[in-house]
Amino acid sequence: MIVWVVRRVAASIAIVWAVVTLTFFVIHAARGSPFLPESSQSVDPETIVRITNQFGLDRPLWVQYVLYLRNLATGNLGESFALRRPVADALADAIPNTFVLALAALLIDFAVGLALGIYQAVRERSVGDIVLGNIALFVNSMPTFWLGLVLLLVFAQRLHAFPVGGISDPVLCPRLDSAACLGDFVWHLTLPALTLGLVGAAGTARFQRAAMLEVIRQEYVRTARAKGLQERRVLLVHALRNALLPFITLVGLAFPFLLTGAVLVETVYAWPGMGQLAVRAILQRDYYVVTGAALVTSTMVVLGNLIADLLYAVADPRIRVRGAGA
Amino acid sequence: MHTPRPTVFAAVACLALLGSCERRGGCTGDHCGTLVIAYAGEPDILLPPVSEFAATRDVTEPIFLKLADLGPSGNTVGDEDFQPQLAERWEWDTPTTLVFHLDPRAHWQDGQAVTAADVAFTYDVYTDTLVNSPFRSSLRQISAVTTRDSLTVVFRFRQRYPEMFYDAVYHMRIMPSHLLREVPRDQWRSTAFGRAPVGDGPYRFVAWKAGQSIELAADSTFFLGRPYIRRLIWRFTPDQQVAVTQLLAGDADAIEVLITPDNVQRACADPKLACYPYKGSAYGYVGFNLAAPGDTTKPHPLFADRDLRRALVLATDRERPLHNVFGELARVPPGPMSQLWWIWDPEIRELPYDSAQAARLLKRLGWIDSDGDGIRDKDGHALSFRLLVPTTSAIRRQYARLLQESFRTAGVDVQLDEVDFSVFNERARAGRFDALLNVWNTDPTPSSGFPQTWTKAGFGRSNYGRYFNPQVDQLVDRAVSAAANRDQARRAWRSAFEMLNQDAPGIFLFATENVAAVSKRFTDVTIRPDSWLALVRSWRVPSDRLTDRDRVER
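Keeping their order, the protein sequence lines are chains A and B. Residues 1 to 326 (my numbering) are what the first sequence spells out, left to right. Residues 1001 to 1554 (my numbering) are what the second sequence spells out, left to right.
Calculated directly from the structure, the hints in this document are not laboratory data. Be careful, since some hints might not be right.
[As the list claims (entries may be wrong)] Computed spacing ranges between beta-carbons, pair by pair:
no. : chain 1 : residue 1 : chain 2 : residue 2 : range
1   : A       : Leu176    : B       : Gly1225   : 52 to 62 angstroms
2   : B       : Ser1384   : A       : Ala11     : 48 to 58 angstroms
3   : B       : Gln1474   : A       : Leu149    : 48 to 58 angstroms
4   : B       : Gly1026   : A       : Ile13     : 30 to 40 angstroms
5   : A       : Val154    : B       : Asp1548   : 23 to 33 angstroms
6   : A       : Leu176    : B       : Lys1272   : 51 to 61 angstroms
7   : B       : Asp1548   : A       : Ala11     : 23 to 33 angstroms
8   : B       : Asp1548   : A       : Pro256    : 36 to 46 angstroms
9   : B       : Ser1370   : A       : Arg31     : 31 to 41 angstroms
Ideal Cβ positions, reconstructed from N, Cα and C, are used throughout, including at glycine.
Excised from the complex, chain A in its bound form (with noise of 0.2 angstroms):
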């Protein structure tokens, strides 16, 4: 097991190193200059001269690279050109926010995910399942923005029910200080994290209902149900347990998933995390943030997936057994 592990831990910093190593010379290529407005206001060239001499981008490429991994190794991911700080601090402060975005619309999406999957499961093909489905199918094939947007027109902007958009009041909540200020923030962050968690739902319950169909024509099922164990006792406690084994995959594709949708959804919404940072970094051509933050995204899509593994592993002995003999 712990071969195992150490192996995966050292596949995992590989993949890391090979997505930062990718990043940094993709957009490097990327033609275009940093250090421009977010307008489209036009730059006096002098100008984009003296600070690209200035951040040393006039060195070769790969003298920069090497740079840049010093650096790295010691704990420095650069200082942003855009924002005029450490890469860290503007990290710092976003990557609370898309991990707050993230985790409410992992529980959403396996909340009602794992709840439509086993109702669905349970009667299937009744009128209620072949509707759910068919809901399920519309919301999963929805693009994230859209889902965004819609949910914006109509909650935000017509029945003013919530923001639209930020992360709080900034009159009346500059801090989460107070229960109302919490409130707040529950509120402005309702209408991202439903725009995530439902389209990752509407997957979430597809998969389930599969799972939980194959289970409960197990013959353990059927012996529990001839030993006279009530519906409900079944269902939640013997054929839930072993489908949700695929569910702990799923736990791991999620992570990508929300972080690639999260940069859609906090743009729509104004959400100042991961995504949006990362989006203006690539528009500004602010390269340490850009690899910077594929850095943290490529880390915590390793890490979900490591995690993942070790559970699965953890939960069938089958596993272990076969990475051991690897």
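Following the hints, put chain B in place on chain A, whose structure we already have.
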């Protein structure tokens, strides 16, 4: 099956309800308002010497003062129309020596007095090559700034010219030397002071939540009078449309510019909002590259020909696309100029829209449609060029398509090169384009920006198309250095523009008219076109219009 308990939903609903409820605060009287400004973008740093972004300018405007500021007329010539800020008065010792006397009441928000040493320090910073201020070149005519005593500072100029005073006061916001002296000059771009500045203006910095908001609070001890609005909050969004939506939803109180006719219509129809039109500082144009793309030593195969450029200008109806894109929010400029400039004059002669004359001229140049494909050709080459357009600007993309169609009817094939803004800028400055659809935001005066974009002095800088006419350059020099005589300068500028228009280095498409929207809670709203929040100190919310958001105490 276990069903979710209603209490879970109730708890979430209660939290959401708490969040949506406004709390009653305690502030009453004339100094209670809170102004929330919706803004697409975010400042890079709150340190004026090292940033030229509009967002930085807007936020630092109420934090740091100048020695004097533009008056309501916007006149940049002479010193008559300027209004005192840090300097309570000034006089000319000699024609090239300007003496400012600082207001002894002026103080930094940490309690220290503002001194002449701060002014000298500021000039030193702005002109230091290590700091690399974008405003350094605007101060090139000032040879020295010295102190005479703690409240008297002397500016010496290299020569006499009409906008000496403007150059002395407009570009520099005075910095606190006691807080910044120790910051190494090459580290000014990332100094911590730039994220939590201490100023001398009517508002002091409170907080900057990255990606979210910046808050300023009124300085009740401000020596020129306590501001009426108690708090200024910029609410940042990544997108202009989200900012407009926040305004319409009541999540914000004001926006600097609505940009599209649709936004203007919606905002101005909203009973809670008042619209404030003001002159825009931007102009847009199709610029022809007179040099071969990527090789400035060779002429462009098409646009080196002055008559061909003239024919293309004659073939362009500039009014129709302007109304399609901007409605009433822009005007066709009489040359490369913004409406903000005092020399704006619709009577300046330019090439008219005359498709028949354009067709005759093209035919005379040998460009005819010999193969009947609808595109003119000569010597086997189609009359075709590529137009560089940034994808980040919806307005320019819309314009490009309209122009493409318009040129097609004249027998000219235009292919659009739509690239992201970063690539657009890179190709523009490298001269790798046939024609580009560009926008310039201008200073309040043509003297600084125009030479950099339309004379030989702009080669390798902002004169992307490498247009050069020595007579135009002479006229511009004459206009810039004319004695302080507005009529004389105006005549020189007019001649320069008319000559440039005849050379047709570009098609000058639009000069914007801005419309700001502000909640009707606010009164005494005055907008100065070059900096819309310059007079925010005098905006107010009458006590009978205060909402709980204005009263809330934090």
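### Query
Is 52 to 62 angstroms a correct range for the gap between the Cβ atoms of Leu176/A and Gly1225/B?
With a Cβ separation near 35 angstroms, Leu176/A and Gly1225/B fall outside 52 to 62 angstroms, so the hint is violated.
### Query
Falls inside 48 to 58 angstroms, the C-beta gap from Gln1474/B to Leu149/A?
holds, 55 angstroms
### Query
Is the hinted range of 51 to 61 angstroms satisfied by the C-beta distance from Leu176/A to Lys1272/B?
Given about 29 angstroms between the Cβ atoms, the range is violated.
### Outcome for the supplied range 23 to 33 angstroms, where the beta carbon pair is Val154/A and Asp1548/B
Holds, since Val154/A and Asp1548/B (Cβ atoms, about 27 angstroms apart) stay within the stated range.
### Task
Please test the hint of 36 to 46 angstroms on the beta carbon pair from Asp1548/B and Pro256/A.
holds, 43 angstroms
### Cβ distance range 48 to 58 angstroms for Ser1384/B and Ala11/A, holds or violated
Given range 48 to 58 angstroms: holds, Cβ gap about 53 angstroms.
### Query
Should the hint that Gly1026/B and Ile13/A are 30 to 40 angstroms apart at their CB atoms be regarded as holding?
violated, 56 angstroms
### Query
Do the beta carbons of Asp1548/B and Ala11/A sit within 23 to 33 angstroms of each other?
violated, 56 angstroms
### Query
Between Ser1370/B and Arg31/A, does the C-beta distance stay in 31 to 41 angstroms?
Since the Cβ atoms of Ser1370/B and Arg31/A sit about 37 angstroms apart, the hinted range of 31 to 41 angstroms holds.
Of the hints listed earlier, those the structure fails to meet are numbers 1, 4, 6, 7, in rising order.
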